[in-house]
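Put the complex together from the two separate chains, hints included.
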Amino acid sequence: MKEVFNMARLSWAEMVSIYPDQWVAVKDAEMDGADILSGEVVAAKPDREMRVFRLHNSKAGLVFRRTSEGDFDGYINSDIKIRVD
Amino acid sequence: MDTSIQTLKLELIKRYDRPSFEYNEVMYLMDTGAHMPVWCSGEELFLLSFPKAEKTTAITHLSGFGSGQIDAVIYRIPEFALGDNKTGRYMIRNLFVAVADYDRIGFDFILSATMFAKADYTISNAEKTLVICYDKEVFEFTPIMAGDSIEKITVWAQ
Numbered sequence: 001m002k003e004v005f006n007m008a009r010l011s012w013a014e015m016v017s018i019y020p021d022q023w024v025a026v027k028d029a030e031m032d033g034a035d036i037l038s039g040e041v042v043a044a045k046p047d048r049e050m051r052v053f054r055l056h057n058s059k060a061g062l063v064f065r066r067t068s069e070g071d072f073d074g075y076i077n078s079d080i081k082i083r084v085d
Numbered sequence: 001m002d003t004s005i006q007t008l009k010l011e012l013i014k015r016y017d018r019p020s021f022e023y024n025e026v027m028y029l030m031d032t033g034a035h036m037p038v039w040c041s042g043e044e045l046f047l048l049s050f051p052k053a054e055k056t057t058a059i060t061h062l063s064g065f066g067s068g069q070i071d072a073v074i075y076r077i078p079e080f081a082l083g084d085n086k087t088g089r090y091m092i093r094n095l096f097v098a099v100a101d102y103d104r105i106g107f108d109f110i111l112s113a114t115m116f117a118k119a120d121y122t123i124s125n126a127e128k129t130l131v132i133c134y135d136k137e138v139f140e141f142t143p144i145m146a147g148d149s150i151e152k153i154t155v156w157a158q
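From first to last, the protein sequence lines are chains C and L.
Going by my numbering, the first residue of the first sequence is number 1, and it counts up by one from there.
Going by my numbering, the first residue of the second sequence is number 1, and it counts up by one from there.
Hint data in this document are derived by calculation from the structure and do not stem from the laboratory.
Be careful, since some hints might not be right.
Claimed, not checked - Cut-off 25 Å, straight-line C-alpha distance, at most; resulting in silico cross-link-like pairs (DSS-like, lysine-lysine):
#: 1; chain 1: L; residue 1: K128; chain 2: L; residue 2: K86
#: 2; chain 1: L; residue 1: K128; chain 2: C; residue 2: K27
#: 3; chain 1: L; residue 1: K118; chain 2: L; residue 2: K9
#: 4; chain 1: L; residue 1: K52; chain 2: L; residue 2: K86
#: 5; chain 1: L; residue 1: K86; chain 2: C; residue 2: K59
#: 6; chain 1: C; residue 1: K27; chain 2: L; residue 2: K52
#: 7; chain 1: L; residue 1: K86; chain 2: L; residue 2: K118
#: 8; chain 1: C; residue 1: K59; chain 2: L; residue 2: K14
#: 9; chain 1: C; residue 1: K59; chain 2: C; residue 2: K27
#: 10; chain 1: L; residue 1: K128; chain 2: L; residue 2: K55
#: 11; chain 1: L; residue 1: K14; chain 2: C; residue 2: K45
#: 12; chain 1: C; residue 1: K59; chain 2: C; residue 2: K45
#: 13; chain 1: L; residue 1: K9; chain 2: C; residue 2: K59
#: 14; chain 1: L; residue 1: K52; chain 2: C; residue 2: K59
#: 15; chain 1: L; residue 1: K52; chain 2: L; residue 2: K128
#: 16; chain 1: L; residue 1: K128; chain 2: L; residue 2: K14
This is chain L alone, in the form it adopts within the complex (with noise of 0.2 Å):
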């Protein structure tokens, strides 16, 4: 048996459609299709729940939010985490977020895709729950958007 596995579960909302949950207060969505994590509920609130995030000189542009297309200013979260000591914790270090600010959305921050790469996720319609399976071993990842200014992008676990 691999001990280097770890299992993070969390419970999805189940009355709404899309795979979302909340975590300290934040709203989430599961983005499987998404290659950029965006933060949707302003600068304001986004600092508030992340106030060691640093601002970044860059942007980046959004689209398909059903207002055209906005820029969105670039903010680097130093420790990015999901779950804690007991329950397993999935982290990322240096974790690049299109800061938005967007109306009629029922989420404030958008996971993509790229933040999971290199683990297993099980969204269980069913049971209402996300499962993320992840190895300790750090992976890096560059955001597709961002751009070769910006450093990679660390993910570990605890």
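Okay, chain C solo, but in the shape it has when bound (with noise of 0.2 Å):
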């Protein structure tokens, strides 16, 4: 790991706090099928500095998430601009 950013255990929702809008690498996770209930941050980044992260730390047992889903609409068209709950 070429990288270490910050080894304190942190839960989820600590980590969208801390580090909106970005992803992060997380070390040991503990999960719940595809989500991360808690783990080490040992990286957080934006988009593109974390593709570069990623390539340089692949398959070395770190979970990659977006703390948001980001602002895809879908590269179809769609009328729907709003979401009504």
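Laid out in structure tokens, this is it:
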């Protein structure tokens, strides 16, 4: 692993709060299915920077997630712009 | 009972609204409205994930990503697989993928409906699963955007 960012164990909610709208690389992740419950954040970066990090840290046992889904609307155009819950 | 029907069950990420999952360190999004798969995370990471992929001379125009229309190069993945011998494996031979480099997308690989044209798939928001039921029969399709110059894509299962 080329970079050690922060070895404090965080919950997913804390990751979202501390690193909004970024990718996180999580070591020793406690998982609930495909979701991270908690773990040690070893890197948090915007999209392109995280790609470089991933290139050098593939198969290192890290779980990579974006703390938000991003603003991708889908490449099929849609008239629906506002979500109604 | 038809024993040729196979089932692959993938766990979706509960915290995302859209049907997404991780497989082999790649974040996938199932886009039931798409007709061509798109890799969003740049060529280097694509080749790391699919080292046997080959760049073709074809390009395609992609729009709707919020940054206008861009050109994307088309790669061919000789054998694309979801799942393994334990879970069941859904395989596509000669999968053509538009490879682009986008920001602000939480997914690497957008899977298109055409990749599952002969399969049944169920997205359960209650269970947060994607279940793909497929026959072992081989089928082929040609990506609409790629035109006639590209060979057919073959889908099969093990």
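Are there hints from earlier that the structure breaks, and if so, what are their numbers? Those not satisfied are hints 6, 10, 15.
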